[in-house]
Structures are given as C-alpha cells and as structure tokens.
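Asks: Letter by letter, the chains look like this.
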Amino acid sequence: MLSEEAIKKIDYELTKYPDDKRQAAVMSALRIAQSENGWLSPECISDIAGYLGIPKIAALEVATFYNMYDLEPVGKHKITVCTNISCMLRDSDAIVDHLQEKLGIGFNEVTEDGKFCLKEGECMGACGGAPLMSVNNTKMHEFLTPEKVDAILKELK
Amino acid sequence: MAAAKVVNPVMTDLKGQTLVTLRTLKEKNPASLATYENLGGYAELKRIVTEKVKAIDIINQVKVSGLRGRGGAGFPTGLKWSFMPRYFDGTKYLVCNSDEGEPGTFKDRDIIRYNPHQLIEGMAIAAYTLGAGVGYNYIHGEIWAEYEIFEAALQEARDAGYIGENLFGTNFRFNLYAVHGYGAYICGEETALIESIEGKKGQPRFKPPFPASYGVFGKPTNVNNTESFASIPWILQHGGQAFANLGVAGSGGSKLFSVSGHVEKPGNYEVNMGMPFTELLAMAGGIWKGRNLKAVIPGGPSTAVMPAAAILEATMDYNGLGKAGSSLGAGSMIVMDETTCMVKALKRLSYFFYEESCGQCTPCREGTGWVYRVIKRITDGEGKMEDLDLLTDISNNISGRTICALGDAAATPVLSFIKHFRPEFEYYIQYGKSMIDGK
Amino acid sequence: MLKIEIDGKPVEVDHGTTIIDAADKLGVTIPRFCYHKKLSVAANCRMCLVEVEKFGKPLPACATPVAEGMKIFTRSKAAVEAQQSVMEFLLINHPLDCPICDQGGECDLQDIAVAYGTSGSRYTEQKRVVFNKNIGPLISTDMTRCIQCTRCVRFLKEVGGMQELGMVGRGEHAEITAYVDQSVNSELSGNIIDLCPVGALTNKPFRYSARSWELVRRPSIAPHDSLGSHIEVHVKNDKVMRVLPREKESINECWLSDRDRYSYEGLNSPDRLKVPMIKHGDEWQETDWKTALEFAASQIKDITNEHGSDALGALVSPNSTMEEGYLIKELVHGLGCGNVDYRLRQTDFRLDGKRVGTPWMGCNIDELENLDRILVIGSNLRNEHPLLAQRFRKAVANGAELSIISPLDNNPLMDIAHKIICTPNDIVNVLAQILKSMSQLQRLSLCLPTSLSELLEQIRVRPNTEAMAESLAGLGKSFNLIAPRVGIFLGNMALSAPRFTEMYSLAEAIGGVSGAKGGILPAAANSTGMHLVGVMPTATGMHARAMLEVPRKAYLLLNIEPELDCQHAALASAAMKQAECVVALTAYKSKALDNANVLLPIAPFTETSGTFMSMEGRIQSFKAVVKPFGECRPAWKVLRVLANTLGLHGFDFESSEDVKNKIFNGEKPSDFARSRLNNNMKELVDIEAKIKSHGLQRVGEVPQYEADPIVRRSEPLRKTKYNIKRLVRLHPDEMRAYSLVEGDLVLVKQDQGSTILPVRPDIHVAPGCVRVAAAHEDTLGLGDLMGDISIEKITAEQVAAIKAKETEAQN
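Protein chains in written order, with this note's numbering: chain A, 46 to 202; chain B, 171 to 609; chain C, 124 to 934.
By construction, these hints were calculated from the structure, which means they are not laboratory data. Ideal Cβ positions, reconstructed from N, Cα and C, are used throughout, including at glycine. Among the hints, a few may not be true.
[As the list claims (entries may be wrong)] Taking lysine-lysine pairs in the DSS-like style, the calculated list, with each CA pair at most 25 Å apart, reads:
1. B:Lys-370 <-> A:Lys-54
2. B:Lys-554 <-> A:Lys-164
3. C:Lys-712 <-> B:Lys-554
4. B:Lys-377 <-> C:Lys-180
5. C:Lys-180 <-> B:Lys-493
6. B:Lys-377 <-> C:Lys-126
7. B:Lys-370 <-> A:Lys-66
8. C:Lys-712 <-> C:Lys-700
9. C:Lys-712 <-> B:Lys-514
[To be verified] Some chain A residues flagged as far from chain C (calculated, every beta-carbon gap over 10 Å):
10. Ile-52
11. Ser-91
12. Leu-97
13. Leu-105
14. Glu-106
15. Ile-150
16. Lys-160
17. Lys-193
18. Val-194
With the hints as constraints, model all of the structure from the sequences given.
Replies: This is the structure we're talking about:
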C-alpha cells in the first residue's frame, strides 16, 4: 500500500505532465515508493501501476530496466560503488576490497544484521571525484580512501 | 522548496579558464538566483521576451556562434533549432539532456550545482525561440543532490517570474520541470531519454521521425545538452561572433572538459576550444605521481583511445581531435598513465556496454555480451590468438547495424584498443597475464 | 508514385511505402523476424538490413521509407554480410534444440538460418538460459529460444488492446514475461503463437503431439461466432490436431480468436457419441442406424398421428449448417407441422412477420474500422465476438467515437467516448432519449412517424444521453455529412432481451436520422443462414419459446443440449421431461439429453460438408476435414434418411451440394443473399419506454467458452480464467440494499426455478441487475437470460435444510 505521503509526492510529480499522461510519473513513483519501503515488492509495483492506471507489466518493465531500482530487499543502507574506468584508474578496487572485508559481504549481498548491502555501480557522472560511492541512491561520497570509507560506515551505523 | 545551499567549490585556480557556463563560479553562493542576477542573469531573457526579438534572429546568433551540441555528437545547435516546426497546433516541448552517464563525463553536474539559473535562462530563451510551452530537464539519477538543487532553482525562478505563465506580462509561457533518470546510460540517447520521460523503458526510437517532428508525447521536441543550453545566455548577451571568437574554426566558444583518471587535479576545466592538449593537461596538474602518459580517451569511451604520441600533438577541438584519429565527444578526457593495463581497461569498458545495452537490437544485445566474454576469457588466461580478430569482427558487425549509436560506441573501444595496443593483448593471450602489472 | 529499383528490378510504389513492403510487392524476399505487417514497426531484430545506394551503412528495410530513385540491394555483398552477422548474433544464445522443439519444420529462425546464415558458429562461450513462464493453459513457453522480437508484446498491446506481456530487464538479460506469475488472459492470445518466429511460444494443448510435417492442412470455416473466420484444420490420422487461422483480410485478417483456435479439443472429447442409441426404460442401448431411424420415425409418426402434427417441435442449433437447417425445416413442414426454430436464446418474437428480409450486421466486416461514430447496444463485445471486437478497437484507434449502452460495464479494451450502463429494459428508454435528442439536433422530428413523435414527447433526455446523441450526430466535428460513417449494432444481450423489439425499432429509427449503417451482430456461426433458409415457424407454427412454454409431445433436436442452449433452462428441462419422445441429433452424449429417447450421432463441422452464412451475409461452404467419428453421419444425411423413413418426398439429395443448390434454386448464392438481407421493418411496433422502477432484472450472458456443445467441451478453454465458477454479481449499491456482503449465499429465483449461489459485488453491473451467467449446470434451475429475477440472502443452515428436502423428494 502506498502511504499518504507517497501519494502526495506522486501527485506532485504528476503535475509535471499532461493529465492523460500519467505513465510519465512512473519513474518518480517507483523511486518514491522505494525510498519509503527500501525496495520494490511486486505488490508495490502493482499498486503504483494501479494508481497511475497503467498495465502492471509496463511498470515492471520500467522497474527492471533502470538499475537504481531494487526488486529485492537491500537492507538499510545500500552502498553502490562505481567501478567504471575513471574510478578503476583511481583504484576503486581497493575501495571495493575494503568495503567487502569490512562488511563481510560481496556484491549484491546484505549483511546479516540487514544494515548494509553492497552493489557494483556503473558510471555516476561524477568521475572527477573518483573513486566514489553512493549511499541509498541519494548521498554521493567522493575522493574515497579506506579511512574515509571507515568514517562513513561509522556514521551510518 | 528552499534553495539548497551550495558552497563554493574547492577550485582555487581558475587561471586560464574562460568561464561561460560556469560564470558564477567565482562567487560566494554560485547557485543562488541573487548571484546570477547580480551578474546580469535573466536580463537577456527579459529583453528578448519584452522586445519580442524575432526567433529567426536568435537562431542566427546561435548559428554564428558556432555552438555545436555539447552532449557528444557535436551537431550545430543553431541548425538543430531551425528544424523545429514553426507552426504547430498544440504544445511543443523542450528537453535538456542532463543524463551524463558516459564514463569520464561530469560537466553538466557542475553546471547544475554551480550555475543552474544560467541553464534555466538558456532553456527559457530556447523555449521562446522555438515556441515550446513545456520543458523538461532530465537529470542523471545518480547525482541526486544536483536534482534537488535544480528543483530548488526552478522554484526560485518560478517565484521570480522567469518561468511559468504570462512571463514579463506577455503571453509567453514556459513551464519547466525537473525529471530524473534512475540508472540507465542509454537514456543519454535523446530518443531513449524521451521514452524515459514518458515513463517507459529507455529504448531508443528508430529515426526518422526525429524528435523535431515526433518527440515527447509524440509532439515536436527539441533536445539539447545542458552545456549547450547554458551557453545560450552568454551567446546572446555577447553576440554569436564573440562566442565563435573564443574558439577556433569549426569549434566555436569555450568548452567544459572533464578530466579524470591519472592526473593530479581531476575536475572540470572550461577553456577555449582549440587549446593544446598539453596545456589542458598542465592545468589538471599533469600526470599524477610523476609518471608518464600512456593514453587518453578524449571524449568518453565512445571515442577512440589515443596513444600518448597522438594526443600530445593534438588540440582540443572537433577538427583537432578528428585529425588525430579520435573525436571530441563530450570532452570527457580519461587520462591513463604508464601503469595502466589496456586489456583490463578494455574489459571494464566492454562490461559497461554489455551492462548498458538496452536489449532492443540483436547485434548490440548479443554482441556486447559476446565481446565481454571473450575479453574476460583472455584476462582469465584462456585467450586464443584468433580472439583478437574475432573481437574486431564482432565489433564491426555491431557497429552501424543498430537503431542507436550505443552499438557503435561499444565497438569503438574494442577496435581502437586492439589497434593501438595489440602487443599487450597478444602478451596477455600468450602468457595468461598482464604485460603491464604482471598479474 | 515513386520509382525505385530493388535488386535491379524497377517497381513503382506509393509515398510512405517502406522498403520491405515494396520488396514484398515485387516478390523479393527480405528476411525478417520482428516486422509484421499488422503490428507497429520495431526495427529491432535487424534481420532485414539491406544495402541502399549512397548510404554508408545497411538500412532496416522494415523501417526505411523509400525515396524517389532509390536503388536497393537485398543480396549484395554488404547486405549479405549484414544479414549473416545478424543471423550469427541471433543464434549464439539460441539453444538450437530443433529436434525437440514443436516449432521445428515451421520455424522462421530455422528457415532463415538455412537461407541467410552460415554453417558454423564462432561462439564458444556459455549460452544464456531463460526460465520458462507459465502464462496459462493455452500457450506453452520455452523462453531460452526467444529472440526478443517483441511481436507478442506488440500484438497484445496493439491488437489485443491490453499490454499483458512485456520485455523486462535490459540488454542480454531482457526477457519476455507477463507480470509476476500472471497468465495471459486475452481472448485473442493464441495469435502470439502464430506470431512467434521461433519456438518460444507454442500451442500448449498441441504440444509434442505431432510434427508439423506429419500434418495435413485442410481449409474450413470457424463454427462459433458469426464472423465466419477462415481456418486451417491440421489433421493427423483422421484426428484434428490443431486449428490455425487461414488469412482472409476482409474477415479475420490473419488472426483467430482463442475460441475458434482451441475449441477443436471438444471434437476429441470422450463425450462423443459413437453409435446410435435408444433408451429402453431407463437404460440406454446401443443400436444400429436402421433400427434407430425406424424407431425415431415410428415414434414421431405415432405421436403426430395421435395428437396432430403440431404436437411436434423442432429446435435447431444456429451453429448447424444451412443445409441441415433447410432439411429439418422441410422435414417438419413435410409432416404438416410449423413448429421449427433456431432462435433458441430469444424471448421476444414480436418482430416476426414484420421484417422485410433477413437481419444482418448491415455492413461489411472490414468497413467497421473506417467508421467514425459507433453505437453498440447490449453487447459484451469481447465475450460475444472476440475477434470482431478487434475491428472496433481499430476504429477507435483511428479516432472513432465509441458509445456503449449495456447492462454490463465490461472493459472492451478500447477507449469509450460515452457509455450508459442500465438494466436491459431501460435500454429502451435510453434509446428513446437518444432518438429524441438526435431528432432535435438534426431538426428531423417531422420525419418521424406520429406514433414515435408522440412517444418521444414524454421522454426526458438526460445530459449523458444527450452527450452520446451529440457524438452520434457528429456535433461540432467535421465528419463527412454526405456519406456519414456511423454504425449502430445490437449484440447478444439485446437479442436475448424481453424488449428486443423496441430496442431494434428505436435503433432503426436512430440509424435513420443519423444515416447509420448497422443492424444486429448475430450470435452464432449460422444465425443469418438459418434465417435465410427460413428455419422459423410458419404463420400458425410455434417459435422456439412457445414450443417450451406450451410443451410438445415430441421434440426433434438438432445439435443442441436444450437446457444449455435455450433461453429458459428450466422450461427447456421441464418440456423435455414431459415429452413422450425426444429425438436428438447430436455429436455428444450428454446429461442434458438424459430425457431423450433416441440419440442419433451426427458429425460436427469437421466431419461434414456444409455452408454457413456470416454476419455480413457471406455464404461460405466447407468440406469435411476428417472422416466421421465412429458411426457418426453428417446431419444432412441423417435428416434425409429420417425424412425418407417418415415417408416424406422430395428428400433425394445425393450430397450436401445438392441441398445447397436446392436452397439457392439456381441463383448465385451471393446474389440470393444480397437480395434478401434487409434490416427494415414493414411496420412499426408499439414502444413502451417507461423506466422500470421496481424489481431486479437478470443479466444472463452466455460465457464465450460455454456458447455451444463443441466449445463447452474444450478442456484447455475450460481451464482459462474465463471459466469462472458461477456467482451472483451485484452492483455494490444493490449489495447494500439487500444487506449482502461478499461470499454470502443467496437464493436466486426466476419463475418457479431457483438456485443457490455465492454473491460478489461488481461495480461493472448496472444497478437493478443481477448478473448470473447462463449455459452452466449451476444455473439450470433458472429462467430467462434477461428476465425478472429475485434474490434473498440465505444461511448455511437454510441451505442444508433445502438440500435435505430435495434429497427426500428424490427418494
């Protein structure tokens, strides 16, 4: 079920499009629902499709096409590390290794306490700050070093 | 929504830069409306709208400026604008492509976070010129802070009467909205982006019809890159010729170069077109750790990699890089020093294209995975010499045979890496390890 | 016209033609997977790449419009290279499991790989595996074989009207699927099997039962709705293995409804009657044809001799052939009896004797998509005419304004401009409102007959009706007024309604003021044909309903199960029970025929020759595609011999063609039909347009997979979502009015009959209506499909008490 707050936010997004183009808001709607629930369950996607009046499969197509949507639970903090070329050149591998060791999980895994999940990301368009990672799709951390990662993790606990 | 606080970036040295799209950068609160207005911002929009400047005159100035699409394709902006149908019964749309996802590209992010109002003004002028009533700025989903900054800037501009209905007491209306991607490189392709705005998968459309006749919601639409739009107020304020004069023949203006990889000071540098590469490299602090330059991808991975010898002679403009065997692309320079293993670098790039292929066209859907698997097999120590010809062949079979340019983009690194660094690949195949790092 | 050249051959084509269409016109083959002439262009498979002079790279023929002077090369080095490389890409992840694939032998991928591919593969990496999806009982999936052409996705969205499949994920991980664990429910779903160019989507009931090269393909005509779809019946060892569409652009295009595709499973049902049977006491005994026919003839003779010839009644299925209809009519008439009728699901016969000719749809099927204003009255289109609905969908996609008046607010999967949902009886009032509103709009009130004008004076036009009338009148639109493209159609629910005559008359009048085409959408494969050959009572005879209301001593049944195929199940049941003799010509043994005395096994449409006449008046003959099952005989032969046995003359037909020739009497069938198809009325009928204010009315539509004896025996169709357990559905307002909640049991009563069913709220049912579907065991106790009905809540204890009483009564 979409919360009242979520509906309000989706309604705001709907104001950006013509009245008969409700599908256009599906990207935002999925993002809003995900930030509320942590991930997108089939029920949740179906609710959004229902609210927007579009076929469920059309909403699922979108949810599976864009890789910032999570169709499985990802824990409280999803850490996405960019490993693309510019980050790789500035040793994102070391950051990945450090994170994996520190959290004891590999990519696409969730820590036992459900707090952290690690994802490998593609280019985030912030390569000047490489190596970098994003937390919960919203907060970007740049110029990472293992020490900086430790500090960030500490703050997230 | 309150304006997000954006502090001045850590950019102590602006020497040698020509700040056009980042002209607020020297100021204390670069992103605020007040800062932009103090620098004469929105005056051009107001003049154009209230004096009812003719669209054709604006388009001419843009043509004279020599501005070419800053998103990577380099199509002349003035010419693109002239494709929009003048008369149309219904809403025309204006779209800004801020979906930077090409590795090594991060210039639009700085425009949005440091100078959003210039972008808004540029879009509003374009909307006036092209008769577009509604605009969308489609922002890369990963740079969420910038999305929020832009939403806040839009609210400021709305409150100040720069966008909305009946602007400056005329019947000109322009409603501009921020929308976002959510993790799909392909949406940087303009028709995929349009699909995405419509709430669909970002699968590029077959062209023709082009967006100018069939764009957002099937209506005439003009799509330009962030940097292109942000250049417009400056061009109209100073005249097209002044902008053209900043650059060189065939490449008007200044340009934001995103420098990443093995340099001391990675970041964006807004410099005049035609600047020698060596000068730009020096601005970025030179190669890090005192090492030597090995290669540069000058415009993002969809442009051919250039060995040091070629890039060191080149100037940073469309013709300069074209002559040197690559292209300017989005001006996204990925700098690689002598410790870089080109086989591993290519593996990462081919993985990227494999991951980001939308899956629509057979050659790209099937070919990018094939390429990645072969290269991975090489780095796993199971390569065969025939693999290099096979890789070249697969890439040639992808290139030019797909709906959009992602197929070509995926082929380019494979072809250029093998062309320029073949011995490294042969070594890897023969010894099962890297010639560079021995691992 | 543009002059172009393909492979050196010049051809002239229209502006906007694509290369692939131009090549098809010229007979030059360009390989393709994603392109389909009936679907939007996706240009994603890239198989149709060709070389075009002055273009640096190969272009997709499907998406490239030709230009003047274009020189196209489909087999040049560049084109072949491109085609071979695409083929190689398509095959790297394809399992190449042709030996175990049902598509083998009729696979585009196989054929094109042979013609355009190379012999070896350079791919040595791991192949992709995609999990199969369960998308329902009709279609089986092998998704690893899928080449992502998206034809299936586009079909369901564009033709089916509802996107039920999608391509999720992206890149190499992209796969076709329905929403999480859901089935594909389109009533046109089977077409995606034909569209699938590989073996990813195959026919589930047919799976692994035959190889395509073992099948003999024989043409036939679909036997359920009145569209007259062309089908191809695939036969192995004298058994129907599957049914596919045969392309006929003006009728079914290249499509087929699931009902027409999968009903054949009913032909192979264990219920099939193998030999003639006679009931002795309570025992059914097998017998030979001679004995059975003599027994039947003597029974009929005895009864007519004793009680008069009108003691006999003949009920005829509208799915039987024209020849069969003609012969049974002649036989009954020959006995001096006028009681014969095919209109089994009709209650209102007030139009009898008032028609000028045979009622039909009033236009051609392919004209529908060019209409710009449409009114559909009393039809659940997708249920009644699944494939015809698609033509309406096209019209709406082309911009037509669709208005609907119906007791059911079912989603037709197309945009509705105006709708009025009301009880079947109130439709009359709504139509009167429209007529009034339109005649005012058109200033044509003076042209209406006085009786109608007087009626309209009392009518109050409501705003929503006025809006509908304005739409039909084309108010404010620049429609062609000289040749208006308006269509008005009455569907099955209207045809079954007790006030059909009034609906029909008003629809005719509305058609008159709006210049509309249109008429009725007949329910069954040969409804129109039965009318044309006159399978109806004589002036003194009884119609189908009267024969049940005033029970006959003897019945002759052709191809029906009386309780399931007649309007009033309870009456039909009682009438059969009391009859002294029931002679049933039937393909099936059936509980519904328990009250018969003789069962004569007849051949269904696949085992006999015959003729159907479609809703558009098209006369289509077909031949048997397999030998008759067991001792079955074509019904025309059985009727001929029965007539002979009865001592009647004029039945010396040697073939069904002889019968057909007799029917058309030397005239060309199409001319014969054209001169007799006419929706006009000789005189107006009295119209009562008052709104009904009390009581409930049943909406008893016949579910599409229960419509006739064949289809109701198709197991795969019975497993679909459409075969729902019978429920009582009420508008939520009525639920409240009767203090009912979902799941409550209600006692549903019609006339003397009743049944107990669970209730469910349904906002798609008009207030004042009780939706209880017909043609099912659970509702056999009920009466008229659109008759008065009452409901009362009943507790589990009361149910138990009633059950106990029934058992007691039986003992």
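Asks: Look at each hint and say if it fits the structure.
Replies: We went through each hint and held it up to the structure:
1. About 20 Å separates the Cα atoms of Lys-370 (chain B) and Lys-54 (chain A), which keeps this hinted pair within 25 Å; it holds.
2. The suggested pairing of Lys-554 (chain B) with Lys-164 (chain A) is violated, with an alpha-carbon distance near 32 Å, which exceeds 25 Å.
3. A distance of roughly 70 Å separates the Cα atoms of Lys-712 (chain C) and Lys-554 (chain B); the hinted pair therefore is violated under the 25 Å criterion.
4. Between the alpha carbons of Lys-377 (chain B) and Lys-180 (chain C) the distance comes to roughly 14 Å, so the proposed pair stays at or under 25 Å and holds.
5. A hinted pair counts as satisfied when its Cα atoms are at most 25 Å apart, and Lys-180 (chain C) with Lys-493 (chain B) qualifies at roughly 22 Å.
6. Proximity of Lys-377 (chain B) to Lys-126 (chain C) is assessed by CA-CA distance (about 23 Å); at most 25 Å being required, the pair is judged to hold.
7. Proposed proximity of Lys-370 (chain B) and Lys-66 (chain A) is supported: the alpha carbons are some 11 Å apart, at most 25 Å.
8. A hinted pair counts as satisfied when its Cα atoms are at most 25 Å apart, and Lys-712 (chain C) with Lys-700 (chain C) qualifies at roughly 17 Å.
9. With a C-alpha separation of about 74 Å, the suggested pairing of Lys-712 (chain C) with Lys-514 (chain B) is violated against the 25 Å cut-off.
10. Every beta carbon of chain C lies more than 10 Å from that of Ile-52 (chain A), the smallest distance being close to 22 Å; the non-interface claim holds.
11. Its closest Cβ contact with chain C, about 7 Å, brings Ser-91 (chain A) to no more than 10 Å, contrary to its assignment away from the interface.
12. No beta-carbon of chain C comes within 10 Å of the beta-carbon of Leu-97 (chain A); the shortest separation is about 13 Å.
13. Listed as a non-interface residue, Leu-105 (chain A) fails to keep its Cβ farther than 10 Å from every Cβ of chain C; the least gap is roughly 6 Å.
14. For Glu-106 (chain A), the non-interface assignment is contradicted: its Cβ lies about 4 Å from the closest Cβ of chain C, within the 10 Å cut-off.
15. With a least beta-carbon separation of about 22 Å from chain C, Ile-150 (chain A) lies farther than 10 Å from that chain, consistent with its non-interface assignment.
16. For Lys-160 (chain A), the shortest C-beta to C-beta distance to chain C comes to about 28 Å, beyond the 10 Å cut-off, and the non-interface label holds.
17. No beta-carbon of chain C is positioned within 10 Å of the beta-carbon of Lys-193 (chain A); the least distance is around 33 Å.
18. With a least CB separation of 30 Å from chain C, Val-194 (chain A) remains clear of the 10 Å interface cut-off, as annotated.
The structure fails to meet hints 2, 3, 9, 11, 13 and 14 from the earlier list, while all remaining hints are met.
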